[in-house]
Structure formats: structure tokens, C-alpha cells
Amino acid sequence: MTQNLYKNLNVAARNTLLALFAGGLALLSYAANESASNKPLVLTGIAKVAPDKGAISGELMAHSCAGCHGTLGRLGDESFVPLAGMPVGQFVSSMVAFRDGKRPATLMGHVAQGFSDAEIRAMGEFFAAVKTEGNQP
Amino acid sequence: MNALNLSRRQWLASSAGLLAAASLPAWAQTPAKVGPAHIVIIGGGVGGATAAKYLKLFDPTLKVTVIEKNRIYIRPYGSSEVLNQHSSMDDLNVSYDALRSNYGVNFVFDTVTGFDPIARTVQTAGKQKISYDRLIVSPGIQLMYSAYAGYSEQVANTAVPSGWIPGAQTALLARQLQGMRQGGTFVLAAPPNPYRCPPGPYERPALMTEWFMKHNPTAKVIIVDPKDSFVTDETMMLGWNRLYNFNLPDDYVKKMRDKVEIKQHAGTSMISWVRGKDGGRTLRIDAKKMTIETEAEVIKADVINVIPPMKAGQLAMTLGLADASGWCPVNRRTFASTLQPNVHVIGDACIADAMPKSGFSANSQAKVLAYTLIEELAGRPAPEPLWENTCYALAGKDYGLFVADVFKVIDGKIGRVNTRARYLALDAMPAQIKLGARYQQAWLRTFTQDCFA
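Keeping their order, the protein sequence lines are chains A and B. Residue numbers are given in the working numbering: position 132 of the first sequence equals residue 132, and the series is strictly consecutive. Residue numbers are given in the working numbering: position 348 of the second sequence equals residue 1348, and the series is strictly consecutive.
Each statement offered as a hint is correct.
Stretch-level coverage of chain A by chain B, calculated; a stretch enters the list once three of its residues show a Cβ under 8 Å from a Cβ in chain B:
| id | stretch |
| --- | --- |
| 1 | 56–70 |
| 2 | 74–88 |
| 3 | 113–124 |
With a cut-off of at most 30 Å between alpha-carbon atoms, the simulated DSSO-like pairs for lysine-lysine come out as follows:
| id | chain 1 | residue 1 | chain 2 | residue 2 |
| --- | --- | --- | --- | --- |
| 4 | A | K102 | B | K1434 |
| 5 | A | K131 | B | K1408 |
| 6 | B | K1300 | B | K1214 |
Bear in mind the hints are in silico, worked out from the structure with no lab data behind them. The beta carbon of each residue, even a glycine, is placed where N, CA and C say it ideally should be.
Use the sequences and the hints to build the structure in full.
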């Protein structure tokens, strides 16, 4: 989303993200096209920009994890798992197992219930692309 | 800027734009030149600090200014641990230095006295006039000391502390509790809904019960409550049942006994809970006689801790952001005030439906707002908002519990989307309960970092 965050992404992961975002953006552009044909484009404040239902953003959702798992998923020596740099497959399988009760948890099962498969994957893609330098094991 | 947004949207909507857009993510494209917008944030608590940090994290070119009264933030979360000597007052102090040096956030230490929402300027007691493009207000709470006869801020500062906004009253309460005579009575008056930190008025007496068992084993702890239930009630009282020989009210025993063994203890527990339906609502405080009068009785106490009813912080009143309820109505997606233009209200002061008034909520609201503002300033559509809250709480220093929720906008209101479970399982293993306590301690650190560093 921003140049600053962009600097924090691995090159390989960035390329994956680029490809993944292409799909997402096509959808987004479609939404913009829809609204362009139906509504006047008056942009004076957020309320008017925000559509009735926005697209999901892995990044926006991922920041809600940071209250425990650290900003951008980066953590030092703490009781929570750092999420920065976690491979997408590991993030997705963990969250799905939490959500479906297949992996014992204290509270992650409850949190995971709040997310769809697509939302979990989108968050996983965000964290996978964050460089792990900030993790201090 | 509007013209720029417009042309960018038209470009996106064109078929050529579709192709071009598909080749690069929005954040990898040359950013639209919007000029460094100035975002002013009033209030440097959890909501304001997090908003400032994430705005600069997302876009270092933005100009972000926080206007805050105090040079040091005293964190309320975890502040009850000063009372049981687990933390010191100094442990509650949080510096703004990291936000200034690591993120380039400007700080103005001053008191806001008013604003002009049309000219977009804020006035301060120090006669400063600060212009903004967007204003975020995170006013926190104020305590309505006068809600109870005989109670006032002056009484709270000198004899019957509240400490729900931490500071000198916290230190006074700690001295009173730790110095209480052997066999003395500690009464805590819990607040009516809605209030900051839902499990907090129950964690505090639980921690003191644990402390008294060691240092003052004949002491009594009485919670008087205008409510009949509270967030985390089942798991909190199950902890008291196990740790402090507390007998749960019959209706709770009936609700819970199929899921978990509840002990019936002979004799009385050190801790008791007087509910609203049993006359637990506070009416009057007599600081000279050290009595608290509820609907049911007059209790002679040695230490009284009143957590009074609350409303949005004074700042919200000064700026005309609160309605008759005492809280600030906002658009549920953008947290834009519905009473004043170009102002966003986050944190405990805003009306956020199912989201509790907690630090975690304020932090989550701040990030979503920061993201939404950045997208708006860049002329991109805002994504669907999603927020989280986790309130960790302790029934004892090694007994952790929580409420954990995920929220989205549902039919115009903020609602929970994790509909199956939100509390520690009643049949949680001892190891999980202990782990919950370790998570609570870790969270105090990681959360403070996420907000302030």
C-alpha cells in the first residue's frame, strides 16, 4: 500500500504479491467501473468514497493481529508467534485448523472464527511478504 | 485534489486503465501527488498514538501532529497490578519519544480549547492555532464523580480513590489497600454499562483477594454492582471458585455445571459480589465515616474504591462531538463524526456498538481509520473495515482469561462475526489457564509497543 511498507517486503514475496494483486485489482477496477456508470463521481469525503461494501484487504485485516503479534507481525522474545515472513501455507493451515477446532488453542480458535478462507489467505499473503529482520529471537 | 482523484478514477474505469492497473498493485505505482496532507490528532492515548504511528508507517510523507495535555502517558491497562505490588507506578509510564524519533510524529503539549470545523483549525490554551486537513479526536473517558451523593473528584483525590484513569489516585489506592488493617473490608463499586475495560472492575478485586490471602488473610473484599452480569463473568467467577473458595450465584451454577465442575465451598469466601438485583447499586459515599450506601445496605469499609459512571472525555464535549448519551456518534465505516464535519472520533469515546471500550478496540479502530484515510487521500476506494478486540484479564496472577472478538459492519452497525465462542473455554486445561496469564503479561508489552513504539 505504501512505499514504506513496500521496502519491508522480500523481493520474491513481492513478485508473488504483484501477481496476486493483479487479480484483486482487476476486481477493484471492475467495482470502480460499476460505480462510474451508476453514480456521479463526487469525492468530497470518505463517506462518499466508501462503497456500500468495500473489497477485502489482507493488509488492513493483518494489522488487527499486531496488538499481540507485533507491528507488521514482527516480535522479539515474546509468548506470541511472530507472523512476519511466515510462509502463506503455514499461516493458512494454522488459521484454518484454529478455526475448525482441529488445533487446540486458548483464544486463537475464537479469533480465527471471524475470518473466511479468502480473508485468511489475504492476511497470509501480507505477512509472508514482510521481511523478518524485525524479529529478534 | 478532488480533481486529481476524479481523473484517476476515470482513468481506472477506462479499459486501458484496467490493463495498466492489472500490471502493478496500487501501492507500487507512482503515488498520486496529493501533497503532504496534515493530519492532526487530539489525544495521545492508545487511539491517538496508534493512529499517529500507523499514518506515518503507511505514508512517511504525511504530516502528523498529536496535541496532548501530558508529556508522559500513564497506561490504564494493567494499572490494577500496581495495587497488588506486581507493578510499580513507574511501570505505567509510557514515553512519546519513539513516536517522535522513529516515526517523525510532531507533538504539541497543550490543551485544546476549541476548533473551527469549516476553516479546519484547532485552538489551544497556549494560544496556538493549528490547521489541519483531517482531524482525528481520541478523547477517552471522563469519570462522573458527581453521580453518587457524597462523591466528588476532590473526595476521590483525597479519601475514596477511583483510579480508573490512572495516576495519583492509583498510588493512593495502592497505599490504602496495602496498609489496610488486618481483617479490614475493601469495597469496590463497579460501574454501570457502558464503561472502559469491561473485565477490569472484577480483575482488580480478584488480584487484591489473592494479595490479601497472603498479607491480610482475614480481610474481606466486597464488589457492589448495579449490574447482574458482566463480560467474562463465568470464567472470572470460575477462577474465584477455584482460587478463593467463592460460591457462584445459583443461576450461574445452573448455567455452567453441565460444562464444568463447580465446587460448593463450606463457609464464606473472602470475595463476594452483590448484584444489581440484590441491591448492589451504589447510592452514596460517606468519606468521613468510610461507608458506602447501596440500595440494599450501608457497608462500613476500611478502603472504598469507586469506579463511577463514565462518559466521553471533556474534549468531546468541548468540540461538540458527543450527543445526549454522553458518547460520540460516528459513521461506522469511517468513524467520521455525525455531528461535526471532517472529524473522526475513535476509542472509548465513540459509539461503536458491539465493540467494547477497551485499549485493544481503540488501537484497532485507529489502524483501520489510518488505512482508510490514506486510501481516501490517494483517491482509492476504502477496503471493507474489520476490527478486533481481545481483553485479557486475570482471576489471579497465574490465572488468565479473556474475551476475544472480530467485528465487521453488519446492517449498518458494528457486529461480532465470531459467533460461536468468545471466552476462555469453561473446560480449559490448567496449562491453558496459566498460558492465558502469560499471554496477558506479554500483551502488556507487545500492545504498548504496537501503540507507542
